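Can you make the complete structure from the sequences, with help from the hints?
Numbered continuously in the working numbering, the sequence shown closes out at residue 149.
Since the hints were made in silico from the structure, they are not lab data. For clarity, every value in this text was computed on a predicted model and none was experimentally measured. Take these hints with a grain of salt, some might be off.
[Unchecked claim] The list that follows gives simulated cross-link-like pairs (lysine to any residue, SDA-like), each with its CA atoms no further than 20 Å apart:
id: 1; residue 1: Lys-80; residue 2: Ala-68
id: 2; residue 1: Lys-47; residue 2: Thr-82
id: 3; residue 1: Lys-88; residue 2: Ala-25
id: 4; residue 1: Lys-13; residue 2: Glu-91
id: 5; residue 1: Lys-13; residue 2: Val-125
id: 6; residue 1: Lys-9; residue 2: Leu-74
id: 7; residue 1: Lys-46; residue 2: Thr-82
id: 8; residue 1: Lys-46; residue 2: Ser-11
id: 9; residue 1: Lys-9; residue 2: Cys-19
id: 10; residue 1: Lys-9; residue 2: Ala-95
id: 11; residue 1: Lys-46; residue 2: Lys-80
id: 12; residue 1: Lys-88; residue 2: Thr-142
id: 13; residue 1: Lys-63; residue 2: Leu-22
id: 14; residue 1: Lys-80; residue 2: Ser-11
id: 15; residue 1: Lys-88; residue 2: Tyr-48
id: 16; residue 1: Lys-63; residue 2: Ser-93
id: 17; residue 1: Lys-9; residue 2: Lys-47
id: 18; residue 1: Lys-88; residue 2: Ile-61
id: 19; residue 1: Lys-63; residue 2: Cys-32
id: 20; residue 1: Lys-36; residue 2: Arg-66
id: 21; residue 1: Lys-36; residue 2: Gly-67
id: 22; residue 1: Lys-47; residue 2: Leu-35
id: 23; residue 1: Lys-80; residue 2: Gln-135
id: 24; residue 1: Lys-88; residue 2: Leu-129
id: 25; residue 1: Lys-63; residue 2: Tyr-116
id: 26; residue 1: Lys-13; residue 2: Ser-93
id: 27; residue 1: Lys-46; residue 2: Ala-68
id: 28; residue 1: Lys-13; residue 2: Leu-129
id: 29; residue 1: Lys-88; residue 2: Asp-23
id: 30; residue 1: Lys-9; residue 2: Leu-100
id: 31; residue 1: Lys-80; residue 2: Lys-9
id: 32; residue 1: Lys-9; residue 2: Thr-142
id: 33; residue 1: Lys-13; residue 2: Thr-142
id: 34; residue 1: Lys-13; residue 2: Ala-68
id: 35; residue 1: Lys-80; residue 2: Lys-47
id: 36; residue 1: Lys-9; residue 2: Thr-124
id: 37; residue 1: Lys-9; residue 2: Gln-135
id: 38; residue 1: Lys-13; residue 2: Leu-94
id: 39; residue 1: Lys-80; residue 2: Arg-66
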Amino acid sequence: MKISTKGRYALCVMLDLAQHYGEGCIALKDIAARQNISKKYLEQIVSLLNRPEILKTVRGAQGGYMLARTPDKYTVAEILKLAEGSLAPIPNLEDPAEAAAAADSQLLYVWQGLFDTVNNYLEGITLQDIINHQTENFNYMI
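Here is the structure:
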């Protein structure tokens, strides 16, 4: 399983918004500058994330994006699934009937175990956890 650039950048956008949570709308150009990602590419990424339960959008000169929920309510798995689609290591794994019919069904338990492990791990990490981890490591280095 490989996380694409699209998935990594989706996490970067959401983490940036989480780090600036409570500061109002954040312009995409500001996120692009801080993350060193082209604004044009970020527009494509944000279009994947732009759902009412994920982002609030404000148009106009003072417009931008903000999280629809608090940073502790977003998991890494949720964000990656929006950007990447399924996190399953093989096609159709999330549909047991189709997975069982696959040519390599003898290995199904291996792929299912991998999927469950990765999914559980990513479901257990929130944007707030990442912020807290960064803060702890920064304070430790000082």
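Status of each hint after checking the structure:
Taking the CA atoms of Lys-80 and Ala-68, the gap is about 29 Å. The hint is violated against a cut of 20 Å. Distance check on the hinted pair: Lys-47 and Thr-82 sit about 25 Å apart at the alpha-carbon level, beyond 20 Å; violated. Distance check on the hinted pair: Lys-88 and Ala-25 sit about 18 Å apart at the alpha-carbon level, within 20 Å; holds. In summary, the hint linking Lys-13 to Glu-91 is supported, as the alpha carbons are separated by about 7 Å, within the 20 Å threshold.
Our distance criterion of 20 Å between C-alpha atoms is met by Lys-13 and Val-125, whose separation comes to about 18 Å. Taken as a hint, the Lys-9 and Leu-74 pair is broken in the structure, with Cα atoms around 26 Å apart against an allowance of 20 Å. Restraint check: the Cα-Cα separation between Lys-46 and Thr-82 comes to about 24 Å, which exceeds 20 Å; the hinted pair is violated. A hinted pair counts as satisfied when its Cα atoms are at most 20 Å apart, and Lys-46 with Ser-11 qualifies at roughly 18 Å.
For the proposed pair Lys-9 and Cys-19, the alpha carbon gap of about 17 Å is at most 20 Å, so the pair holds. A C-alpha spacing of about 10 Å is found between Lys-9 and Ala-95, which places the hinted pair at or below 20 Å, so the restraint holds. The hinted pair formed by Lys-46 and Lys-80 fails the criterion: a straight-line CA distance of about 26 Å is larger than 20 Å. Of the supplied pair hints, the one linking Lys-88 and Thr-142 is violated, its CA atoms being roughly 26 Å apart against a limit of 20 Å.
A hinted pair counts as satisfied when its Cα atoms are at most 20 Å apart, and Lys-63 with Leu-22 qualifies at roughly 15 Å. Note on Lys-80 and Ser-11: the hinted pairing is violated, with a Cα-Cα distance of about 23 Å set against a maximum of 20 Å. Among the hinted pairs, Lys-88 with Tyr-48 is consistent with the structure: their alpha-carbon atoms are about 18 Å apart, no more than 20 Å. A distance of roughly 24 Å separates the Cα atoms of Lys-63 and Ser-93; the hinted pair therefore is violated under the 20 Å criterion.
With a C-alpha separation of about 23 Å, the suggested pair Lys-9 and Lys-47 falls outside the 20 Å cut-off, and the hint is violated. With a CA separation close to 12 Å, the supplied pair Lys-88 and Ile-61 stays within the 20 Å bound. With a C-alpha separation of about 8 Å, the suggested pair Lys-63 and Cys-32 falls inside the 20 Å cut-off, and the hint holds. A threshold of 20 Å between alpha carbons decides the hint, and for Lys-36 with Arg-66 the separation of about 14 Å falls inside it, so the pair holds.
Distance restraint check for Lys-36 and Gly-67: the Cα-Cα separation of roughly 14 Å lies within the 20 Å cut-off, and the hinted pair is therefore satisfied. Under the criterion of a C-alpha separation no larger than 20 Å, the hint pairing Lys-47 with Leu-35 is consistent with the structure, at around 9 Å. A distance of roughly 8 Å separates the Cα atoms of Lys-80 and Gln-135; the hinted pair therefore holds under the 20 Å criterion. As the CA atoms of Lys-88 and Leu-129 are separated by approximately 10 Å, the hinted pair is consistent with the 20 Å bound.
With a C-alpha separation of about 40 Å, the suggested pair Lys-63 and Tyr-116 falls outside the 20 Å cut-off, and the hint is violated. With a C-alpha separation of about 14 Å, the suggested pair Lys-13 and Ser-93 falls inside the 20 Å cut-off, and the hint holds. In summary, the hint linking Lys-46 to Ala-68 is supported, as the alpha carbons are separated by about 16 Å, within the 20 Å threshold. Restraint check for Lys-13 and Leu-129: satisfied, since their Cα atoms lie roughly 17 Å apart, inside the 20 Å limit.
Taken as a hint, the Lys-88 and Asp-23 pair is honoured in the structure, with Cα atoms around 18 Å apart against an allowance of 20 Å. Annotation: proposed proximity of Lys-9 to Leu-100 holds, straight-line Cα distance about 16 Å (limit 20 Å). For a cut-off of 20 Å, the pair hint linking Lys-80 to Lys-9 is broken: about 25 Å separates their Cα positions. For a cut-off of 20 Å, the pair hint linking Lys-9 to Thr-142 is broken: about 27 Å separates their Cα positions.
Distance hint between Lys-13 and Thr-142 is unfulfilled; the C-alpha atoms sit about 25 Å from each other, more than 20 Å. The straight-line distance between the Cα atoms of Lys-13 and Ala-68 is roughly 27 Å, outside the 20 Å bound, and the hint therefore fails. Under the criterion of a C-alpha separation no larger than 20 Å, the hint pairing Lys-80 with Lys-47 is inconsistent with the structure, at around 27 Å. Taken as a hint, the Lys-9 and Thr-124 pair is honoured in the structure, with Cα atoms around 15 Å apart against an allowance of 20 Å.
A threshold of 20 Å between alpha carbons decides the hint, and for Lys-9 with Gln-135 the separation of about 24 Å lies outside it, so the pair is violated. At most 20 Å may separate the alpha-carbon atoms for a hinted pair to count; Lys-13 and Leu-94 meet this at roughly 13 Å. Proposed proximity of Lys-80 and Arg-66 is contradicted: the alpha carbons are some 24 Å apart, above 20 Å.
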